[in-house]
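Q: Here are the chains, one letter per residue:
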Amino acid sequence: MIRMKYLTAAAMGLALVLSACGNQPDQSNTVLKTAGSQLASIAKGGGARRKGKAPYAQVTQKQLENTKVPALQVNNETRGGSDILRLATRRNDSNPGRVAVWGGGGALQLFVRGGVLVGTRGIGGDIISADATSTIRAIAGARSGNGERRYFISDGAYGQVELVLSCDIETVGRSTTQVVHLSYATTHLRETCIGGANDNVRIVNEYWVQPSSGIVRRSRQWAGPLSGYFELILLRN
Amino acid sequence: MSQAKGSIVQQAIWKTQAKTLGFGLAFSAFGTFGALAQQGSGPDQVFNIPDRPTLNFYGSAGLIDMPSGEALPDGQFVIGVSNFGGSTRTTVTFQATPRLSASFRYTGIKEANIAGFETYRDRSFDIRYLINKESRVLPAVTIGLQDFAGTGIYAGEYIAATKTFAGAGRIPGTVKVTAGLGWGRLGSSGSIGTPFGGNRPAFDTSSSGGELSTDQWFRGPAAPFAGVEWQISDKWGVKAEYSSDAYDTEVRQGVLTRKSRFNFGAEYQYSDTVRVGGYYLYGSELGLNVQIQLNPKRSLTPLRTPAPDPVAQRPSRNANPDAWTTAWVGKPEAPTILADALKPRLAKQGLEFVALKVTANSAEVRYRNNTYPATSVAIGRVSRAMAQIMPPSVETFRIVTMSGGLAQSAVTIRRSDLEALEFDPQAADALLAVTGISEAAPRLENATINQDLYPDFAWSVAPYVKPSYFDPDEPLRLDGGLKFGATFKPAPGWTISGKVTHRLFGNVGDSLRVSDSLIEPVRTNAVRYAGSDTALDNLYVSKQWKPGQNTYARVTAGYLERMFGGVSAELLWKPVGSRLALGVEGNYVKQRDFSGLGFQDYGVATGHASAYYEFNNGFRGQLDVGRYLAGDVGATVTLEREFNNGWRVGGFFTVTDVSSEDFGEGSFDKGILLTVPQRWFLGTPSKQTSTTTIRPVQRDGGARLSVPGRLYEQVRSGHRNALEQNWSGVWE
Chain A
42 MIRMKYLTAA AMGLALVLSA CGNQPDQSNT VLKTAGSQLA SIAKGGGARR
92 KGKAPYAQVT QKQLENTKVP ALQVNNETRG GSDILRLATR RNDSNPGRVA
142 VWGGGGALQL FVRGGVLVGT RGIGGDIISA DATSTIRAIA GARSGNGERR
192 YFISDGAYGQ VELVLSCDIE TVGRSTTQVV HLSYATTHLR ETCIGGANDN
242 VRIVNEYWVQ PSSGIVRRSR QWAGPLSGYF ELILLRN
Chain B
13 MSQAKGSIVQ QAIWKTQAKT LGFGLAFSAF GTFGALAQQG SGPDQVFNIP
63 DRPTLNFYGS AGLIDMPSGE ALPDGQFVIG VSNFGGSTRT TVTFQATPRL
113 SASFRYTGIK EANIAGFETY RDRSFDIRYL INKESRVLPA VTIGLQDFAG
163 TGIYAGEYIA ATKTFAGAGR IPGTVKVTAG LGWGRLGSSG SIGTPFGGNR
213 PAFDTSSSGG ELSTDQWFRG PAAPFAGVEW QISDKWGVKA EYSSDAYDTE
263 VRQGVLTRKS RFNFGAEYQY SDTVRVGGYY LYGSELGLNV QIQLNPKRSL
313 TPLRTPAPDP VAQRPSRNAN PDAWTTAWVG KPEAPTILAD ALKPRLAKQG
363 LEFVALKVTA NSAEVRYRNN TYPATSVAIG RVSRAMAQIM PPSVETFRIV
413 TMSGGLAQSA VTIRRSDLEA LEFDPQAADA LLAVTGISEA APRLENATIN
463 QDLYPDFAWS VAPYVKPSYF DPDEPLRLDG GLKFGATFKP APGWTISGKV
513 THRLFGNVGD SLRVSDSLIE PVRTNAVRYA GSDTALDNLY VSKQWKPGQN
563 TYARVTAGYL ERMFGGVSAE LLWKPVGSRL ALGVEGNYVK QRDFSGLGFQ
613 DYGVATGHAS AYYEFNNGFR GQLDVGRYLA GDVGATVTLE REFNNGWRVG
663 GFFTVTDVSS EDFGEGSFDK GILLTVPQRW FLGTPSKQTS TTTIRPVQRD
713 GGARLSVPGR LYEQVRSGHR NALEQNWSGV WE
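Order-wise, the sequence lines are chains A and B. To convert, count from 1 in the first sequence and add 41; that's my numbering. To convert, count from 1 in the second sequence and add 12; that's my numbering.
No lab work stands behind these hints, which were simulated from the structure alone.
Label-pair restraints from in silico Cβ distances: (1) Ser207(A) - Leu300(B): 41 to 51 Å; (2) Val512(B) - Ser135(A): 56 to 66 Å; (3) Ser450(B) - Ser224(A): 52 to 62 Å; (4) Asp352(B) - Lys109(A): 30 to 40 Å; (5) Ala178(B) - Ser207(A): 18 to 28 Å; (6) Ala178(B) - Gly255(A): 38 to 48 Å.
Which stretches of chain B does chain A cover? Using the computed rule of at least three CB atoms under 8 Å from a CB of chain A, they are: (7) 57–69; (8) 311–317; (9) 320–331; (10) 383–390; (11) 650–657; (12) 730–743.
Ideal Cβ placement from N, Cα and C applies to all residues, glycine included.
All chains, full assembly: derive it from the sequences and hints.
A: Okay, structure coming up:
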């Protein structure tokens with residue numbers, strides 16, 4: 042009897058380990074599970090919080106000199122860790138500012154329009170689309186400004202929630218921005234946005250802009266409610 | 013009743029997990045959203061999910077034993093398990109709308125010699141409605157009916173008001189003050205009179221319950237109750253209340269000593285989801301309350317869909333006119349080349365290529381979505397694959413989602429819109445505005461088809477757990493083992509499928525509850541069906557097709573379910589853009605032997621005419637009118653709410669010409685439907701879901717045949733309403 046019970050338990054245990062198996066296509070999809078990176082770990086949670094934040098990537102002069110293609114370093118402020126993203130494409134459309142899609146070939150992407158983060162993919166709670174026209178204009182001229190920001194944010198399923206914020210962009214001052222071994226003369230802009238239901242949402246973005254070209258060399262930007270803030274460092278444009 | 017077996021809903025959820033085992037351990041290690049959020053910009057602020065009130069011993073918003081005037085956040089799904097004085101209450105509460113909530117409760121009272129049971133067990137339903145949302149001046153006010161349709165041991169009504177004070181003076185945290193007036197059970201101690209008069213009949217254990225006790229509501233003595241809740245920090249809170257419940261029945265049965273009207277407790281917020289509390293009640297009893305609160309709007313793990321490749325852009329027509337030539341159409345091998353290029357690209361996205369038809373300026377692709385819970389995501393990915401490989405002259409993309417051989421709908425997207433709107437500030441709305449969603453032809457004539465699709469054979473082995481609820485001797489019985497499934501699809505629309513279960517452990521068959529039915533025992537013989545270890549759950553052949561415009565048809569024959577076999581035919585009318593669908597289903601079935609492949613003598617013609625309607629905010633209603641398995645005639649009303657992420661919570665009831673006496677306990681058939689998608693736990697796209705139906709009691713009246721592959725659910729996901737609900741997925 043005991044033996045019988047043991048066998049039953051063992052068989053059950055085996056069944057649980059095997060879990061469901063079969064050859065139906067919807068049982069598993071390895072393509073979708075290969076996504077893995079530091080930014081994605083935000084959504085996964087767990088580990089980083091318990092063990093403390095993972096350190097940011099430290100790019101060396103040699104590494105940067107050997108990199109011949111555009112590259113963007115993204116540091117995850119909330120969870121720690123970094124990703125270095127390749128440029129997938131650059132596009133012009135009917136809206137002001139040129140869009141750079143960072144994250145070519147990977148499972149996650151950032152859409153950066155004129156230096157401003159206007160979309161994310163594959164992170165969880167993604168920014169589906171955003172209107173940041175007034176911010177983009179201010180940054181292009183490295184000057185202060187104000188206006189409305191409109192986000193459409195994934196609700197964590199396949200729906201979107203609209204978030205309207207009212208933003209002020211102020212000039213903090215001039216400073217030198219260091220990217221690995223290279224120094225850039227930049228203007229520091231700070232954007233403060235308030236909005237949402239009962240003005241519950243407040244975000245602060247910072248940009249270090251090269252006034253000559255309007256290139257945002259370094260920034261700290263809100264990447265959605267689940268991700269918090271990302272630091273974007275343009276290693277090579 | 014032991015705590016471990018006490019929670020029927022936990023078991024239901026456990027069953028859900030068991031179906032997705034292998035992932036079960038993962039979600040407990042995941043962080044919660046709150047911790048990720050930056051102050052002031054976290055998900056609750058952005059998605060506008062208000063703070064949740066704490067729960068009382070009845071598993072709804074409240075103090076300790078008394079209710080409060082608050083409502084839970086919209087969509088909140090909570091499980092409360094409380095124990096004190098020999099009573100264990102397990103409650104499931106669903107906040108169906110911002111103001112209306114419903115609860116289902118299973119109670120065990122130890123050694124209460126009520127109605128001759130050693131442990132008295134009962135099921136009860138509550139509803140409550142928020143009359144006034146809390147404002148700066150006015151409190152939140154809720155009116156509630158407790159145990160309004162059962163045998164009535166908890167029957168009571170109340171009106172309660174709660175005001176929140178935060179950041180007032182030097183007191184840290186939040187203080188909530190509640191006052192209310194109760195009737196029935198909640199008016200049994202400290203009555204101030206009978207404001208609405210009337211006599212309230214005493215609790216009657218011999219009644220079979222199930223009928224609305226409208227004659228009792230707000231009748232008899234009323235008594236005030238009050239309490240204070242102080243949430244000191246994020247983690248700790250304390251509560252004190254003055255109860256208006258005399259616990260007459262329990263005191264009379266000697267299960268409880270009531271020395272005081274005051275209750276006190278302390279609660280600890282263990283995680284975002286779980287809160288536990290310890291209490292001292294009625295001057296004599298220690299109590300425990302475990303509160304689990306989930307919101308379908310907040311996944312345990314946020315869904316991450318791997319980023320798609322950016323939409324490929326065509327070369328400019330002016331700069332490269334040669335690329336725009338239509339000469340390729342003249343080459344007979346062109347469609348095959350395009351189809352061969354498309355197939356692996358779709359496969360890489362977890363999609364299956366079915367057919368392609370191209371002309372110089374348009375292309376129609378038919379495909380199957382085996383991966384994405386929202387059809388819109390699949391459509392977005394098919395359109396990107398098309399943009400990658402179609403010659404530049406192809407401007408119109410028609411994308412047809414196929415499900416079980418049925419063409420759900422045709423989504424028409426202009427390629428230039430796709431190219432122009434990917435990074436538009438309002439990408440989803442802008443694309444939807446220029447997208448056509450229309451009827452798809454049953455077949456695509458002269459198309460290049462995927463020759464690998466048929467014949468198709470699929471098999472599976474998986475563990476299963478099958479619970480049986482509410483046997484008075486053993487409230488939860490469980491069978492578990494392995495299920496083996498095999499499906500053969502020889503041609504489009506044809507399915508030959510079977511499922512065998514082999515039980516490895518279980519006690520469902522041990523029940524002594526044999527059928528005492530006064531009508532044909534079509535469902536109450538479940539115990540006898542549980543007698544054999546190996547059983548053929550179903551084995552059938554079915555054919556489904558689109559006979560014409562907006563219509564879908566199905567014919568199925570074989571062992572349709574564990575208890576019945578026979579033939580079934582269904583016709584569904586569901587225009588792509590319509591919220592309304594109509595269907596008819598006719599079946600002739602015979603009752604199967606308790607074991608083996610034979611049939612018993614009982615046979616019945618059963619069938620229904622059905623109307624389905626999609627309301628706003630994910631609410632869906634269904635009305636089925638017809639003849640049920642026991643030959644009784646009547647109707648079933650089902651109302652269900654579906655959330656974007658695939659959670660579905662609903663309820664149903666059936667009224668037939670079987671009298672409540674003949675029906676037996678419960679008077680009529682009713683129950684709760686709960687569907688939890690696997691992706692809510694895992695955060696990866698998957699179409700897998702687990703559905704649980706919980707009936708307070710399974711009788712023979714109003715029992716409907718269970719036919720595999722009913723049409724409505726197969727068709728709906730590709731129609732306009734479902735597509736629009738999840739349209740932003742097209743860019744994900």
